[in-house]
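Novice: Residue numbers (the numbering used here), protein chains in the order written: chain D, 1 to 348; chain L, 1 to 348.
Keep in mind the hints are simulated off the structure, nothing from the lab. Predicted model only: the values in this text are computed from it and were never measured. Do not take every clue at face value.
Copies of the same chain are indistinguishable here, so a pair counts whether it falls within one copy or spans any two.
What the hints assert, rightly or not - In silico DSBU-like pairs for lysine-lysine, Cα to Cα no more than 35 Å straight-line:
| hint | residue 1 | residue 2 |
| --- | --- | --- |
| 1 | LYS126 | LYS26 |
| 2 | LYS248 | LYS215 |
| 3 | LYS264 | LYS190 |
| 4 | LYS331 | LYS26 |
| 5 | LYS26 | LYS252 |
| 6 | LYS264 | LYS155 |
| 7 | LYS157 | LYS322 |
| 8 | LYS248 | LYS155 |
| 9 | LYS252 | LYS157 |
| 10 | LYS308 | LYS248 |
Here is what each chain is made of, one letter per residue.
Protein chains: 2
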Amino acid sequence: MTDNNKKPSHTIAELGEFGLIDYLTKNLEHFQPNTVTGVGDDAAVIDIGDKYLLLTKDLLLEGIHFDMTYQPLRHLGYKAVAVNLSDICAMNGTPTHILVGIGISNRYTLEAVEEIYEGMRLACEKYKVDFVGGDTTSSVQGLVLSITAIGTVKKDKVTYRGPALPNELICVSGDLGGAYAGLLLLEREKAEFKVNPDMQPDLQGNEYVLERFLKPEPRQDIIRILQDIHVKPTAMIDISDGLASEIKHICKHSDLGCALYEEKIPIDQQTYDIARSFNIDPTTCALNGGEDYELLFTIRQNDYEKVKNIPEISIIGHMTEKSAGINLITKSGSLVEIKAQGWDHLKK
Amino acid sequence: MTDNNKKPSHTIAELGEFGLIDYLTKNLEHFQPNTVTGVGDDAAVIDIGDKYLLLTKDLLLEGIHFDMTYQPLRHLGYKAVAVNLSDICAMNGTPTHILVGIGISNRYTLEAVEEIYEGMRLACEKYKVDFVGGDTTSSVQGLVLSITAIGTVKKDKVTYRGPALPNELICVSGDLGGAYAGLLLLEREKAEFKVNPDMQPDLQGNEYVLERFLKPEPRQDIIRILQDIHVKPTAMIDISDGLASEIKHICKHSDLGCALYEEKIPIDQQTYDIARSFNIDPTTCALNGGEDYELLFTIRQNDYEKVKNIPEISIIGHMTEKSAGINLITKSGSLVEIKAQGWDHLKK
Numbered sequence: 001m002t003d004n005n006k007k008p009s010h011t012i013a014e015l016g017e018f019g020l021i022d023y024l025t026k027n028l029e030h031f032q033p034n035t036v037t038g039v040g041d042d043a044a045v046i047d048i049g050d051k052y053l054l055l056t057k058d059l060l061l062e063g064i065h066f067d068m069t070y071q072p073l074r075h076l077g078y079k080a081v082a083v084n085l086s087d088i089c090a091m092n093g094t095p096t097h098i099l100v101g102i103g104i105s106n107r108y109t110l111e112a113v114e115e116i117y118e119g120m121r122l123a124c125e126k127y128k129v130d131f132v133g134g135d136t137t138s139s140v141q142g143l144v145l146s147i148t149a150i151g152t153v154k155k156d157k158v159t160y161r162g163p164a165l166p167n168e169l170i171c172v173s174g175d176l177g178g179a180y181a182g183l184l185l186l187e188r189e190k191a192e193f194k195v196n197p198d199m200q201p202d203l204q205g206n207e208y209v210l211e212r213f214l215k216p217e218p219r220q221d222i223i224r225i226l227q228d229i230h231v232k233p234t235a236m237i238d239i240s241d242g243l244a245s246e247i248k249h250i251c252k253h254s255d256l257g258c259a260l261y262e263e264k265i266p267i268d269q270q271t272y273d274i275a276r277s278f279n280i281d282p283t284t285c286a287l288n289g290g291e292d293y294e295l296l297f298t299i300r301q302n303d304y305e306k307v308k309n310i311p312e313i314s315i316i317g318h319m320t321e322k323s324a325g326i327n328l329i330t331k332s333g334s335l336v337e338i339k340a341q342g343w344d345h346l347k348k
Numbered sequence: 001m002t003d004n005n006k007k008p009s010h011t012i013a014e015l016g017e018f019g020l021i022d023y024l025t026k027n028l029e030h031f032q033p034n035t036v037t038g039v040g041d042d043a044a045v046i047d048i049g050d051k052y053l054l055l056t057k058d059l060l061l062e063g064i065h066f067d068m069t070y071q072p073l074r075h076l077g078y079k080a081v082a083v084n085l086s087d088i089c090a091m092n093g094t095p096t097h098i099l100v101g102i103g104i105s106n107r108y109t110l111e112a113v114e115e116i117y118e119g120m121r122l123a124c125e126k127y128k129v130d131f132v133g134g135d136t137t138s139s140v141q142g143l144v145l146s147i148t149a150i151g152t153v154k155k156d157k158v159t160y161r162g163p164a165l166p167n168e169l170i171c172v173s174g175d176l177g178g179a180y181a182g183l184l185l186l187e188r189e190k191a192e193f194k195v196n197p198d199m200q201p202d203l204q205g206n207e208y209v210l211e212r213f214l215k216p217e218p219r220q221d222i223i224r225i226l227q228d229i230h231v232k233p234t235a236m237i238d239i240s241d242g243l244a245s246e247i248k249h250i251c252k253h254s255d256l257g258c259a260l261y262e263e264k265i266p267i268d269q270q271t272y273d274i275a276r277s278f279n280i281d282p283t284t285c286a287l288n289g290g291e292d293y294e295l296l297f298t299i300r301q302n303d304y305e306k307v308k309n310i311p312e313i314s315i316i317g318h319m320t321e322k323s324a325g326i327n328l329i330t331k332s333g334s335l336v337e338i339k340a341q342g343w344d345h346l347k348k
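Pulled out of the complex, with its shape left as it was, chain D reads as follows (with noise of 0.2 Å):
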């Protein structure tokens, strides 16, 4: 009875993931005070006094973001707090809290719900983190996973995606294009064992990717560090969907362009190595394969010293003006610019 079926002027395909959040959300007008930072970064900030609150939340669906063939209903559990609390990390703070909302097909039993919480549950105790509600319903499609989470950083030392300024270093935690690997061995099984279901998947010896994309850690770890050397961001943001889309995200906000070098940026040998037997660039899946959760930031010149000794942390390059664009400089010493492939489900 009602008419959802008008002809668009833009699509939805065209504009994208973050197109679309910013064509829907440039109207919207703040009414508390205490609202610092809506829309637009990687949690909203509101400000509680002494201290900075920082929610946030995402949604994992089934077929989008996970595929049952190969997911473990634990890792996937672990994997829906563990990308949420990235988020409060990447924002210099400390997640306390959890909400949950679950909505489940009849094709998933009780002792399946209990293995999603049960890595859910491990998560938080790892990260001393609260589970404290949430939603639990049916579903006529597949899983639906909605974590919310919350956390606080003191005001002094929240970092948002910018602005960085023009010769600010560029730094990674860990290294890149792991998750991807893990995502390639995964699906070369899932397709083997179509054709032959009475087969043993062949993954020994690719432990290390496939925990980087089965059970992905928030780096907490490396907030911790920079603490300790009394180091703070200019800019930082987690990686989920590729360090190519996400120094786009901080040359935005910063409306400045940035270097890297190719040969900088950390890659697992493992990873390296699965990339090449794909026949796929391990830089490429560094830059465009997504889901390492690392974080990326920016610091002063001034903090170098502090950091480049701090085995965790690579750095990958520096800020530049804009007018210099957004470029990688590769091992053969030539400038490519970097365009974003991330892992936008909207365009197509």
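Take the given structure of chain D and dock chain L to it, following the hints.
Specialist: Showing chain L alone in chain D's frame:
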């Protein structure tokens, strides 16, 4: 490759929504000293210094919580926000911020998504709530809406689902059963539309109940009235699943029974007439219909004089000892045990 098909000892359908939540969350540990209440009330309660922070979330899934045949998208957006704000009101709090997760299948145009956002924006504007973030993704299934609402309440004003005390008075705001009457009409029109797609829907003169179903309002006005007349409810819950289900929650949290008087249950004339035209007992609509989003609460007997002349509040019964049971005193004077047959999507 994972085995999600083990034999269950219980089934989800046996447990139902509330049983499942109890079962899954029974071993949750809290690590944060400022967690006051976690799972088990309308919202989680967190101590943020001079106030309590309230946190709640609801998933709304196409095919379970709404039917696109008759749910205008703008109303859907409005309702998704309203039902979450209602949970904050049920804690005697004031909603301040929301986060929105939305999963969209490719059936939806940009204009359709804009309509949903416009409804959410209108609800935010009306209740002076800030839309501060969320997540937008594609969905291979239908529309998924996940709203998180936060709010605050003065520490001495927070209300829980209990404990109420014996002989305290049971009150309800507004009138009940209207949303269900609206749903009955919409379902009838849908059935007729299937037979004759050229028909014009015949809904005129029934605007009140249709609005009750399609565009409910959180009763923030009642929270203000109670504040103004200096009445703090001893227990409170919002009516999402029907009076029967909600009063059972209050009884459970109070370890008490209750007596509700059928003749005191407020039912609008339009609701009454429509129920009758469907050969349904109007009291059944009020008890089991759900989605009215009125507030159900208990007050001290001493507060009777303050409440008795408030037109928007009805006193419908009183709390009793547990041994007396959870009962309805019918119009004919007989005593009937109240059984909840509310909207438990998980029970079969």
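Novice: Please go over all the hints and tell whether each is borne out by the structure.
Specialist: Results for each hint:
| no. | hint | result |
| --- | --- | --- |
| 1 | LYS126 x LYS26 | between (38 Å within a copy, 18 Å between copies) |
| 2 | LYS248 x LYS215 | within (26 Å within a copy, 40 Å between copies) |
| 3 | LYS264 x LYS190 | within (33 Å within a copy, 62 Å between copies) |
| 4 | LYS331 x LYS26 | neither (40 Å within a copy, 55 Å between copies) |
| 5 | LYS26 x LYS252 | within (16 Å within a copy, 45 Å between copies) |
| 6 | LYS264 x LYS155 | within (32 Å within a copy, 52 Å between copies) |
| 7 | LYS157 x LYS322 | within (26 Å within a copy, 52 Å between copies) |
| 8 | LYS248 x LYS155 | within (26 Å within a copy, 44 Å between copies) |
| 9 | LYS252 x LYS157 | within (21 Å within a copy, 44 Å between copies) |
| 10 | LYS308 x LYS248 | within (24 Å within a copy, 61 Å between copies) |
When the structure is compared with the earlier hints, a violation turns up for hint 4 alone.
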